[in-house]
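*Asks:* Using the sequences provided together with the hints, build the complete structure.
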Amino acid sequence: QIPAFLSRQTDLLIAAALTGKVVNVKKGQFLAPWDMKNVVAKVTGSGNANVLVTERGASFGYNTLVSDMRALPVMAEIGAPVIFDATHSVQQPGGQGGSTGGERRFVETLSRAAVAVGVAGVFIETHQDPDNAPSDGPNMVPLKDLPALLERLMAFDRVAKGR
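Our numbering runs 207 ahead of the 1-based position in the sequence shown.
The hints are simulated quantities; they were obtained by calculation from the structure and are not laboratory data.
Quick list of in silico lysine to aspartate or glutamate cross-link-like pairs, EDC-like style, CA-CA up to 20 Å:
1. Lys244 with Glu284
2. Lys368 with Glu315
3. Lys351 with Asp336
4. Lys244 with Asp218
5. Lys368 with Glu284
6. Lys351 with Glu315
7. Lys351 with Glu310
8. Lys351 with Asp338
9. Lys368 with Glu358
10. Lys244 with Asp275
11. Lys228 with Asp218
Listed next, with one range per pair, are the computed distances between beta-carbon atoms:
12. Glu358 with Leu219: 32 to 40 Å
13. Gly301 with Lys368: 31 to 39 Å
14. Gly252 with Met361: 30 to 38 Å
15. Lys368 with Lys228: 21 to 29 Å
16. Asn339 with Glu284: 37 to 45 Å
17. Arg277 with Arg359: 22 to 30 Å
18. Val229 with Val281: 19 to 27 Å
C-beta atoms are modelled at their ideal positions from N, C-alpha and C, and glycine is treated no differently.
*Replies:* Below is the structure:
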């Protein structure tokens, strides 16, 4: 996986591509969805067609990420499978003063929207006790809630993809 803040680092993208493994590149919060075409080209141009692109929101003012669902079909036009990062998309960088905040209550709503658009997958961070997790707790889905959430998302996916 290539983290969002490193998504434009050519040397890292090429090195990851040369492993021959699947390369998942998270779109930087500072990139437009169509800019991922260049990112994918760096990986595929290195001989690795196994690349995924992940949407995780765009910076919107201070301490806020916003997920623009229009980004998902735009990125799909590039030709790589699109993943929606549901938990980082609700992150509030620096939102708690000394640490990152988040709005986990929106994870399911945004995930449903992304699945309805037809994404290839949804990335969800989970923890048995998110409020006491060492990082990203405010974004995480409690582990006990994950199975039911996945069932609901799979039902949306079947409808969205006509299955």
